[in-house]
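> If you read the protein sequences in the order shown, they are chains A and B.
If you're matching positions, the first sequence starts at 1 in the UniProt record's numbering and goes up one per residue.
If you're matching positions, the second sequence starts at 1 in the UniProt record's numbering and goes up one per residue.
Keep in mind the hints are simulated off the structure, nothing from the lab.
None of the values given here were measured: they were computed from a predicted structure.
Where hints are given, some of them may not hold.
Using 27 Å as the maximum straight-line C-alpha spacing, the simulated DSS-like pairs for lysine-lysine come out as follows [what the hints assert, rightly or not]:
1. B:K241 with A:K137
2. B:K200 with A:K137
3. A:K71 with B:K91
4. B:K241 with A:K87
5. B:K250 with A:K446
6. B:K91 with A:K68
7. A:K247 with A:K275
8. A:K290 with A:K277
9. B:K200 with A:K55
10. A:K55 with B:K250
11. A:K87 with B:K252
12. B:K252 with A:K137
13. B:K152 with A:K71
14. B:K29 with A:K87
15. A:K269 with B:K250
16. A:K55 with B:K91
17. B:K80 with A:K71
18. A:K68 with B:K200
19. A:K277 with A:K291
20. B:K152 with A:K68
Negatives, chain B to chain A, calculated, CB over 10 Å [said to hold, decoys possible]:
21. Q18
22. A55
23. H56
24. Y59
25. N60
26. N70
27. Q73
28. K93
29. N96
30. P99
31. S148
32. F150
33. K281
By construction, the Cβ of each residue, glycine as well, lies at the ideal position given by its N, Cα and C atoms.
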Amino acid sequence: MTDTSTNMPDSELHDPMNLVRLGECIGRGNFGDVYKGELVKTSQVVAVKIIDLEKSEDDIPVLIQEIKFLKGLRSPYITNCHETYIKDVTMWIVMEYCGAGSCADFLKCFKRLDERVVAFILRDTVRGLEYLHSMNKIHRDVKAANILVTDQGQIKLADFGVSGQLTETMNKKETFVGTPFWMAPEIILRRDGYNEKVDIWSLGITAIELVTGFPPYSNEEPMRAIFEIPDRPAPILTGDQYSVYLKQFIKDCLNKEPSRRPSARSLLKTKYLYKVKNRYSPMLPLITEKKNKMQRFKKKPKFALNFEESRCGQEIQWDFEATTKFANSNQSMSSFDSSGGIDENEMHSAQANSILKPDTTVTPTTSPLYNNRSENPRARRSSISPYRSGEVSSSVLAESGGPLSIKENVDPRGCYFYNNLIRESFDSISQQSGSQRFKKNLEQLKTVIYEMEMRGPGFCELLCQKIFNGMLQG
Amino acid sequence: MNEQLSKLELTNDRKKAQDEVSRYLITIKGIITGRSEELAGVAGDSQPDQIAQLAHEVYNTDCLLLLIQNLAQIEFDARKIVGLLFSSLLKRKIVNRSPTIDYLLQKPQILILLMHGPENPEISINTGSMLREAVRYEQIAKYILADSSFWKYFDYCEYGSFEISTEAFLTLSDLLTTHKLVASDFFNRNLEKFIERINKLIMSPNYVTKRQSVKLLSQLILDKPNYNLMTTYVNSAHNLKLIMILLGDKSKNIQYESFNVFKIFIANPRKSKSIVDILTKNRDRLLSFLREFTNDRKDDDLFLVERNFVIEQIESLPKLVQLQGFHEKDSSAEHQSMSGETKATAPITKSNYNSSKILSYSQQ
Chain A
1 MTDTSTNMPD SELHDPMNLV RLGECIGRGN FGDVYKGELV KTSQVVAVKI IDLEKSEDDI
61 PVLIQEIKFL KGLRSPYITN CHETYIKDVT MWIVMEYCGA GSCADFLKCF KRLDERVVAF
121 ILRDTVRGLE YLHSMNKIHR DVKAANILVT DQGQIKLADF GVSGQLTETM NKKETFVGTP
181 FWMAPEIILR RDGYNEKVDI WSLGITAIEL VTGFPPYSNE EPMRAIFEIP DRPAPILTGD
241 QYSVYLKQFI KDCLNKEPSR RPSARSLLKT KYLYKVKNRY SPMLPLITEK KNKMQRFKKK
301 PKFALNFEES RCGQEIQWDF EATTKFANSN QSMSSFDSSG GIDENEMHSA QANSILKPDT
361 TVTPTTSPLY NNRSENPRAR RSSISPYRSG EVSSSVLAES GGPLSIKENV DPRGCYFYNN
421 LIRESFDSIS QQSGSQRFKK NLEQLKTVIY EMEMRGPGFC ELLCQKIFNG MLQG
Chain B
1 MNEQLSKLEL TNDRKKAQDE VSRYLITIKG IITGRSEELA GVAGDSQPDQ IAQLAHEVYN
61 TDCLLLLIQN LAQIEFDARK IVGLLFSSLL KRKIVNRSPT IDYLLQKPQI LILLMHGPEN
121 PEISINTGSM LREAVRYEQI AKYILADSSF WKYFDYCEYG SFEISTEAFL TLSDLLTTHK
181 LVASDFFNRN LEKFIERINK LIMSPNYVTK RQSVKLLSQL ILDKPNYNLM TTYVNSAHNL
241 KLIMILLGDK SKNIQYESFN VFKIFIANPR KSKSIVDILT KNRDRLLSFL REFTNDRKDD
301 DLFLVERNFV IEQIESLPKL VQLQGFHEKD SSAEHQSMSG ETKATAPITK SNYNSSKILS
361 YSQQ
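Between the sequences and the hints, there should be enough to build the whole structure, so can you do that?
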């Protein structure tokens, strides 16, 4: 399956365009589409998920970890992940292809499925879940659309990890994962987190979906359903046409108390699944019938593929000409230093410079201070608050201890006061004004205040406090 | 418990040995996870005792080394158990010594073997994660950073295969970021070489390598103990050029990551002449780029503050339009160097700027 025998550091060898012939789009996702493809070397048909990495801001390491995890999974009951490639700014994940489509496609074709066929589907789905759970993986989105069928009638659980997980990390775990109708109550309530038992609930809902054609309450608004699921009693399957075993199976899965739901392993021993003894997949006749009835419909990709033109690489041409000539000159840079003026000692002149733009005349800075100032690395480092997170940056700033340091440990509110009070006030005043000149002056004043804050963290807080106190007294 | 010996068979007779090894590994897994009661035959001792015994056997028989040497021959799922064994041994502590760490440092063959992991794509996932597991311990990170084969990781990162390059990159970045003091010590000793190698990575044609390594670079430069790395890095005009090339990349994400390095060049109060020279020459281009820069990050306050700061700093550079135009007319080397001189030392204010221009005229 793995074809990594060649490990030449040759980019051609790893260009997926040379390795995979892409066919039509067969599925769409939030971060990329899935295509049918064929491996050039072996003519093996595969599914290729193409993810646009420019769309994900800082989650590449998470994504990579996830793919590594997926590559460590091998089971006949899940769609296995073969290879991964990078093409320009996209990532190609080559996976097993399931030619007969998903169980949701079967439902579209047959409205509902026979209970005995469903038992076969569910048994192999549970086997897939058992494997995933044994690897400490939660699927989180079990539903008919994610249960795929191969041309040979095998059942494979799909769409865990990358798409599922990716959605989750992208959402920073703040929003719901999964599709409302299949969602377990505890996912919605989020009391003390959740565990792999959420998959068992979704499995119960999927069982209902497969035999009736729809998950319970599917005629409702999905967002409404989300809020109703935890309050409602667990759905049950009724009707004489269904066996007691199936009804019991569903009842076991749909227990609102997660710890009382059976594990995947014990579900395999229930009467409903245990009695499945098919020598041939009961899906085979359905596959043939479905093929005659409907063509696998092509899907229009959400993201157009375009590899003609690279989306990374140099775009702007800078002027670097002849610059090296002057490297290593030890001329004093004093006057420039004040332009990047950071050192506390030159605070005043730096401020003066940033207020007075080049069109204003100012006396050149000639003070000897600038030529032999003391090295103060920390003050320098804090100049532009190089740390991305507000908390870290303010603690660093606090250390630089500017002339205005009010507290020993300046809390992150320092930045808060600048960001939320000073800057906003300035911006709103600026918006109200019609004069460009006035706006420009405001902008400059704002910069000075920002620099004051950076040099003496807490300045903005103090300023706001003084104004506030003054107003109270007035 | 002394079944380990049979692993030696591996070299001779494959298939059978493979199954045997898997069986033993499953037993080991049972001991580690405490589910041994499920397995018939293993009874009596309590779990901690069994683990202690297991660890003891492992140290005495060098079975870990054998397992890792033959990892590629071991069954797919059983390889993961080797990883599990490795990591749970690492976590073991007796009072405040970690016997496994001592063992690994005494017998560095295992670490060396793991370090060459990316050369064997089949098992690189397993060896990579084992190595990273070990690197969490300071002494081991120190050992690896001091080893010459560490430098190979920069090459591995550039392999075409996704597997190898990402695996190697993860390890590389763990090594350089987990133990800040160890890393900073490493930088101090290998400053030039490191900068040369990371510069190669940030110019990689592979988007993922490029994006991740610029991010790593900015992270390292801003790590407090790496002060030396920062000052050295931002003092080189060559580095500035590379970062500017990335800043002008088509990819928004690469622009953004490289901005986080670029801003430090700008914030440096003692810019070298050649740096100022480059910035001055590109003043207008930089300004028009930065003003448009990542408008989709409007909610990121810190970013906007920093961007505005950078814009201001660049605005305060002298405009050299006329001066450049002037020298383009007669481009003798002497005059060019002349203009360079004036540019580099030209102060920011208009009055000074004028006077310097006058100076250069008069020297004409």
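> Given the proposed pairing of B:K252 with A:K137, does the C-alpha separation stay at or below 27 Å?
Status violated; Cα separation ~33 Å.
> Verify the proposed pairing of B:K29 with A:K87, using a straight-line Cα cut of 27 Å.
39 Å, violated
> Decide if the proposed pair is consistent with the structure: B:K152 and A:K68, CA atoms, cutoff 27 Å inclusive.
Since the Cα atoms of B:K152 and A:K68 sit roughly 21 Å apart, the hinted pair holds (cutoff 27 Å).
> Does the alpha-carbon distance linking A:K68 and B:K200 stay inside the 27 Å limit?
25 Å, holds
> Does the claim that B:H56 lies outside the interface with chain A hold up, using a Cβ gap greater than 10 Å?
Consistent with the label, B:H56 stays out of reach of chain A, its closest Cβ about 29 Å off (over 10 Å).
> Hey, B:K241 versus A:K137, does the alpha-carbon distance stay inside 27 Å?
At roughly 45 Å apart (the allowed maximum being 27 Å), A:K137 and B:K241 break the hint.
> For the pair we were handed, A:K290 and A:K277, check the Cα-Cα distance against 27 Å.
Distance of about 23 Å is within 27 Å: holds.
> Does the claim that B:K93 lies off the interface hold, with its Cβ farther than 10 Å from every Cβ of chain A?
24 Å, holds
> Against chain A, does B:N96 keep a CB gap of more than 10 Å to every residue?
About 30 Å separates B:N96 from the closest Cβ of chain A, which puts it past 10 Å; holds.
> Minimum Cβ separation between B:Q18 and chain A greater than 10 Å?
16 Å, holds
> Holds or violated: B:K200 with A:K137, Cα cutoff 27 Å?
37 Å, violated
> Would the pair A:K87 and B:K252 pass a check requiring their Cα atoms to be no farther apart than 27 Å?
17 Å, holds
In summary, the structure is inconsistent with hints 1, 2, 5, 12, 14, 15, 16, 33 from the numbered list given earlier, while agreeing with the others.
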